[in-house]
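Engineer: Given next are the chains, with one letter for each unit.
Protein chains: 2
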Amino acid sequence: MALLSVLTPVLVVVLCMVVGFMLLKPRETVTPTTEKTKERTKQDFRPWVDQDLQDDTEIPGKQDDDGEWVDSHEDEDLLHVPYSPKRYPEETMLDRSQDFYNLMNQRRSVRFISPEPVPREVIDNVIRTAGTAPSGAHTEPWTFVVVSDPETKHQIRLIVEEEEEVNYRQRMGDKWVHDLAKLRTNWIKEYLDVAPYLVLIFKQTYGILPNNKKRTHYYNEISVSISCGILLAALQNVGLVTVTSTPLNCGPQLRVLLKRPTNEKLLMLLPVGYPASDATVPDLKRKPLDEIMVDI
Amino acid sequence: MALLSVLTPVLVVVLCMVVGFMLLKPRETVTPTTEKTKERTKQDFRPWVDQDLQDDTEIPGKQDDDGEWVDSHEDEDLLHVPYSPKRYPEETMLDRSQDFYNLMNQRRSVRFISPEPVPREVIDNVIRTAGTAPSGAHTEPWTFVVVSDPETKHQIRLIVEEEEEVNYRQRMGDKWVHDLAKLRTNWIKEYLDVAPYLVLIFKQTYGILPNNKKRTHYYNEISVSISCGILLAALQNVGLVTVTSTPLNCGPQLRVLLKRPTNEKLLMLLPVGYPASDATVPDLKRKPLDEIMVDI
Chain A
402 MALLSVLTPV
412 LVVVLCMVVG
422 FMLLKPRETV
432 TPTTEKTKER
442 TKQDFRPWVD
452 QDLQDDTEIP
462 GKQDDDGEWV
472 DSHEDEDLLH
482 VPYSPKRYPE
492 ETMLDRSQDF
502 YNLMNQRRSV
512 RFISPEPVPR
522 EVIDNVIRTA
532 GTAPSGAHTE
542 PWTFVVVSDP
552 ETKHQIRLIV
562 EEEEEVNYRQ
572 RMGDKWVHDL
582 AKLRTNWIKE
592 YLDVAPYLVL
602 IFKQTYGILP
612 NNKKRTHYYN
622 EISVSISCGI
632 LLAALQNVGL
642 VTVTSTPLNC
652 GPQLRVLLKR
662 PTNEKLLMLL
672 PVGYPASDAT
682 VPDLKRKPLD
692 EIMVDI
Chain B
402 MALLSVLTPV
412 LVVVLCMVVG
422 FMLLKPRETV
432 TPTTEKTKER
442 TKQDFRPWVD
452 QDLQDDTEIP
462 GKQDDDGEWV
472 DSHEDEDLLH
482 VPYSPKRYPE
492 ETMLDRSQDF
502 YNLMNQRRSV
512 RFISPEPVPR
522 EVIDNVIRTA
532 GTAPSGAHTE
542 PWTFVVVSDP
552 ETKHQIRLIV
562 EEEEEVNYRQ
572 RMGDKWVHDL
582 AKLRTNWIKE
592 YLDVAPYLVL
602 IFKQTYGILP
612 NNKKRTHYYN
622 EISVSISCGI
632 LLAALQNVGL
642 VTVTSTPLNC
652 GPQLRVLLKR
662 PTNEKLLMLL
672 PVGYPASDAT
682 VPDLKRKPLD
692 EIMVDI
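Protein chains in written order, with the numbering used here: chain A, 402 to 697; chain B, 402 to 697.
For the record, the hints were derived by calculation from the structure and aren't laboratory data. Hints should not be assumed to be uniformly reliable.
Simulated pairs of lysine-lysine, DSS-like, Cα-Cα distance not exceeding 30 Å [as the list claims (entries may be wrong)]: (1) Lys660(B) x Lys686(A); (2) Lys487(A) x Lys660(B); (3) Lys487(B) x Lys688(A); (4) Lys660(A) x Lys686(B); (5) Lys614(B) x Lys487(A); (6) Lys614(B) x Lys688(A); (7) Lys688(B) x Lys686(A); (8) Lys614(A) x Lys688(B); (9) Lys688(A) x Lys660(B); (10) Lys686(A) x Lys686(B); (11) Lys660(A) x Lys614(A); (12) Lys614(A) x Lys686(B); (13) Lys614(B) x Lys686(A); (14) Lys487(B) x Lys660(A); (15) Lys614(B) x Lys660(B).
Work the whole structure out from these sequences, hints included.
Structural biologist: Written out as structure tokens, the structure is:
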């Protein structure tokens with residue numbers, strides 16, 4: 402007890418530090434989504450972060466106590482209008498479905514991109530097409546940064562290669578390197594200099610309204626990924642190639658380089674161009690239909 | 402000091418509880434991905450869960466200590482083959498990009514679906530097309546469950562409506578209901594009975610090899626979402642409609658109903674069919690190009 406008595410000031414200091422640390426900690430941690438979801442109180446419940454749908458949608462009041470989370474309702478009482486899209490005869494449908502499958506099935510991730518220029522209007526149309534994707538509560542939470550400036554492309558390359566080399570050498574362990582070995586990929590990303598366009602796709606983790614208040618972007622990562630799927634289809638449709646890349650750890654540096662606001666996070670980086678004349682791809686096969694589809 | 406002395410045992414107990422709590426806490430929380438990432442040790446580092454790419458890829462050894470995580474390398478030393486896809490003249494590219502944009506820009510989420518039958522071959526081709534999406538390390542981590550059985554569709558409806566009603570009434574709070582108000586959606590999902598097909602898209606959070614060992618599925622959620630984007634494009638291309646839905650909290654129940662294994666988690670549910678003759682959609686606008694694209 403005497404010893405404890407002597408140690409009391411130390412204990413008080415330690416306790417204060419520990420409590421202080423704990424109070425700060427929750428701001429940095431992501432709420433876990435487990436089977437316990439249903440037991441949460443209404444206040445804690447994040448309906449758009451389901452146990453089956455993990456997402457880093459930012460939460461009202463937790464990230465920024467100064468920013469009141471509100472939503473835009475200009476279009477709340479939208480008129481509903483008749484919708485009658487084009488309808489094709491069954492035979493035409495079947496032909497179109499087969500043709501589109503054939504077109505998309507020829508798509509491959511290509512790491513050897515030609516420096517030849519690509520018409521800018523085509524890129525604009527491809528991005529417009531990506532912007533037709535659905536999104537949670539129609540928030541359209543995407544920003545497509547199209548980089549053609551050689552110096553900026555080179556800066557991007559330096560950032561990505563530096564991080565990738567560290568990833569490969571130190572962090573990933575043998576397993577990930579092993580998995581990628583068959584794709585003959587490594588940390589040299591020449592295509593980042595060579596491709597006429599780099600498309601960096603940012604997800605907006607929340608929106609900012611004209612009055613500077615924040616707007617929740619439900620399912621922003623899934624929405625932006627769907628948009629990327631449509632973008633890949635649009636590129637394939639015009640004969641351009643890309644490789645779907647998710648540059649590890651480079652997001653914050655690239656965000657700063659490209660002067661994007663803090664609500665945007667890098668989701669994907671797509672170099673875009675014609676394939677190089679000597680481009681090769683690994684001779685991968687895709688799963689047959691009966692391995693990806695189940696009928697009930 | 403005397404007061405502190407008296408309080409010492411209390412402080413010690415509090416300190417022990419706080420420290421104990423902190424030691425237990427990390428097991429429940431998702432590792433935060435912050436600027437501190439680089440400081441992590443190799444052992445803790447999860448390279449596919451980047452600060453910009455939150456994912457619920459399951460981690461070797463954490464989910465199932467009996468299951469050794471290994472990878473399939475049958476195709477490790479794949480031959481690389483020349484790749485020279487079709488190349489179009491610039492004018493044709495521009496026309497194709499415009500036509501595809503016009504087609505995709507007519508796509509809308511439709512909640513009023515006709516019960517008319519749809520040729521099964523068309524659905525097969527649409528799913529085949531979705532299966533051409535890229536995926537992390539070519540893992541193809543998707544399962545498309547196509548439900549046409551009326552009784553199963555009704556069971557799905559009951560599960561979804563029950564959970565949705567609870568979501569709307571109790572959990573979501575005014576904010577989410579407010580956000581959805583403009584879409585006039587609610588917990589009645591008649592289309593789940595009416596649509597000729599329900600496509601339930603599961604992400605495989607890990608793979609299972611022929612020898613029953615597990616295989617890591619990097620970026621499975623992003624990969625499957627990209628695949629859904631291509632699926633939406635394929636549906637639009639044949640004149641079918643759907644509404645992108647992410648049934649909250651229903652994943653586990655629907656997984657069991659559809660007899661999917663535990664490595665699969667529901668990502669999306671798409672009712673598919675022709676639009677009803679009296680279908681309406683909210684008169685939403687999409688952002689113009691200059692609001693979604695940045696040139697550098």
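Engineer: Each hint: holds or not?
Structural biologist: Now for the hints, and whether the structure bears them out:
1. Lys660(B) x Lys686(A): Holds: Lys660(B) and Lys686(A) sit about 27 Å apart, inside 30 Å.
2. Lys487(A) x Lys660(B): Distance of about 36 Å is beyond 30 Å: violated.
3. Lys487(B) x Lys688(A): holds, 23 Å
4. Lys660(A) x Lys686(B): OK: Lys660(A) and Lys686(B) at ~27 Å, within 30 Å.
5. Lys614(B) x Lys487(A): Distance of about 48 Å is beyond 30 Å: violated.
6. Lys614(B) x Lys688(A): holds, 19 Å
7. Lys688(B) x Lys686(A): This hinted pair is violated, its Cα atoms lying about 38 Å apart.
8. Lys614(A) x Lys688(B): holds, 19 Å
9. Lys688(A) x Lys660(B): Judged against 30 Å, a Cα distance of about 21 Å means the pair holds.
10. Lys686(A) x Lys686(B): violated, 40 Å
11. Lys660(A) x Lys614(A): At roughly 20 Å apart (the allowed maximum being 30 Å), Lys614(A) and Lys660(A) satisfy the hint.
12. Lys614(A) x Lys686(B): holds, 21 Å
13. Lys614(B) x Lys686(A): holds, 21 Å
14. Lys487(B) x Lys660(A): violated, 36 Å
15. Lys614(B) x Lys660(B): holds, 20 Å
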